[in-house]
Amino acid sequence: MSAGALLAVNGLVAGYEMGVPILRGAGIAIHGGEIVALLGPNGAGKSTLVKAIAGLVPVFAGSLRFDGQEIRGALAHTLVQRGLSFVPQTENVFTTMTIDENLQLSGHVLAKSARARQIAAMYGLFPDLERQRRLVAGRLSGGQRQMLAIARALMIEPKLLMLDEPSAGLSPKLTAAVFGKLAEIRKTGVTILLVEQNARAALALADRGYVLAEGQNRHEGAAPALASDPAVAHLYLGSSVATAL
Amino acid sequence: MMLDLLSYGAFFLATALSYAIICLGLNIQWGQTGLFNVGVAGFVAVGAYASALLTTPAMVGRFGGFELPITVGWVGAMLAAGLCAGIVGAVTLRLRADYLAITTFGVAVAIQLVALNAQGLTGGPFGIGFIPRPFAALAETPLAFELVHLALVGGVTTVAFFALERLVRSPWGRVLRAIREDETAAASLGKHANFYRLQAFMLGGSLMGLAGAVQAHFIGFIAPDNYVPALTFQVWAMLIVGGSGNNRGAVLGAVVVWGLWSLSGFAIGVLFPPGQQARAAALQIVAIGVMLAVILLLRPRGILGEHRTISRHVVAATE
Amino acid sequence: MTLQFLADGLVMGAMTALGAIGLTLTYSILRFANFTHGDLISWGAYLTLTLAAIIGMVLPSGSIGPFSFGWPIVAAGLVAMLLTGLLALALDYLLFARLRRHGTAIILVIASFGASLALRSLLEFLYTPSPIYFSRELQIAIPLGAGVRVTPDQLFTLGLTAVLVGVMHLLLTRSHIGRAMRAVSENPALAGIVGIDVAAVVRTTWLMGGALACAAGVMLGLTVQIRPYMGSDLLLPLFAAAILGGIGSVPGAVVGGLIVGLAESLGVQLIGANYRAAIAFLLLLLVLLLKPTGLFGVRP
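Taken in order, these protein sequences are the chains called E, X and L.
For the record, in the first sequence the residue sitting at position 233 is 233 according to the working numbering, with numbers rising by one throughout.
For the record, in the second sequence the residue sitting at position 11 is 11 according to the working numbering, with numbers rising by one throughout.
For the record, in the third sequence the residue sitting at position 263 is 263 according to the working numbering, with numbers rising by one throughout.
Hint data in this document are derived by calculation from the structure and do not stem from the laboratory.
Positions of the beta carbon are idealized from the N, C-alpha and C atoms, including for glycine.
Heads up, none of these hints are tricks.
Cβ-to-Cβ under 10 Å is the rule here; a few derived chain L residues that face chain E:
| no. | residue |
| --- | --- |
| 1 | Ala189 |
| 2 | Val194 |
| 3 | Gly248 |
Let's have the full structure, built from the sequences with the hints guiding it.
Here you go:
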């Protein structure tokens, strides 16, 4: 399953504190061009998994291979150069800088002309942002901030875009807007790994999914199959997956 | 020869123990309550000057000269320094830690400025002399004098130590440590958290003042130059080396660092020609500074630092 | 009372501003109150003095125009700016970076306080406590009107400060490194995710802070005197300026520095020079009690 994968995570043991692992041997594999959802109840370790891949959380054991290379222990900023982009759940834009400056900053790894081109492309994808390009990001609404965070992450033309609960704190309408954008983005060839609490919306968008619980893998499979699996719904007491079916 | 050595030994230990009293005071503020006081020298100065002004004979053009007994002077020193700590604390304890550090640093600078310039109050740069020494009648026989002093300082230190040990293990002490560790627990105590901090700050301050008085009556003479950042720094080094959060550590650290200080002083006397010795004295501070840095890097708990009574600020540094 | 205090205050304020810029940058990016910053000022002055003596054996050492200094000091000053930056970097590498990995900010402040004492005492040992001067030439003060007189060196100080502040402002607002510094100052973890090498930014910050401190030290040495405690005596005004201006704000540090300089100068006119240090302390206290975020600050 992992052969030829863009991202292959195996037997990952990771956590914030030495000796207190949150992930206990979890693993996922993602292939180019797909959208994969990472689901699970609170505390399952899904956020920790993407943060570990992004280099923000210490990894104690296991392997992380991206684009054919081991990236375990790599410094966060070097992953950007390899084409791995991460949108954290909170504090995902620089609130003291303008929209334009946020994009300029993220595009630094590109040559000047490529950067200008990418910024134009981002404004094309997110016209709302262009209208307020000189506005300080701290003054944006929640939904606009999320869009900026995603635009910021796309600046480097990543091979893999990881998002941690992009719908958190957003209304259903805004959630739909964000997910709609992600579908658009996938069409440009970007692979997407999506951590979500809103399992229904995530599985409607994704091709495949993994369900984690207590730091380990529980279920995996094609999105429609997961969406209709009662065992998966069982993990979420009163979850949107169960109620939607 | 033997008598001289004993005499010096007593003098050394007495001085070290007078520093230990300051350390014990700092331990209440920092070790127990997590208050970062970089103005230790200021409170020591307040105590020293208070006691001096209360007990010395009158001097033309200068306040004081009440010629009261030494005991009154020492009690006055504790009250004055405690009050000073109360005022400073009431104004500044709500500030976050690094701002508290800068502010207390400024307080000490301001106090030293007053000591240096308010000649009518403090005698200005000339300081205050003729401070009565306890058991002055024994001054003729140095050994007896030093031993009696040692007994006196040792007595004060011992009383302070045991009193503080009781306090540390009391409910009051537990509240302090809770406040030190957990801001939200502190917040749930509401205004009371700051009141506890203030109490700890004042108690620590008054001990520092007492030490200042003890030292003043030991030497017989004080001047503004005694109360400079280098003093604050020495005391911090003593507490960190000995083990902050720990009363025994405070005393041990005082003896160890004072020992190193004296040893380095000897080394300078041996290694440098007389003309260069004053200049070489600066190296003592460099040596203590390097030692402090090394301790913080290698064993931030200090020599006697215990895990459970040490602030997580220090414990975190060891992991 | 004359308006001389304005001139003196502005000159002193300019030097305070330069020191405060370095302090506010390191404070906001490294998040601890660095007590050694004042000593970087002192070390900058002494390094320049020593280098100038060496360079003066090769370069002609006559003074340039109306100023009291010549090319040796200019050349020495530039090299010393680099060396002081490296000194700051060395302090970080040996002490602060290691403590940062494990400890909290308070331990860093304690360590910096200790390092400060060690640094100034080392200067005292190497050079003795006696004040020394870059040159023994007396400068003729130029009357500017309204009872105000300034020396050419003081005018140079104002001019150089303006240039350095302008350069720093452009750097921080228009260049990538400036944006990167602002990013790390706001959120180091996010900065890493967007591809910024946070360690490199930290190193750059130390270099800049050290270089600016050196410049302040040289000017202080030119206009006043050089002695081992010259920089550490500025600690309270520096902290007051940086906090008054708002930690992390360069324009704030400049405005803060000028305000502190003018307030001290005015205070000296009114109550005499003895309590000069207390003025900065009172300003600091007022700011911390009334508006701890400062004039231009974004975070407390």
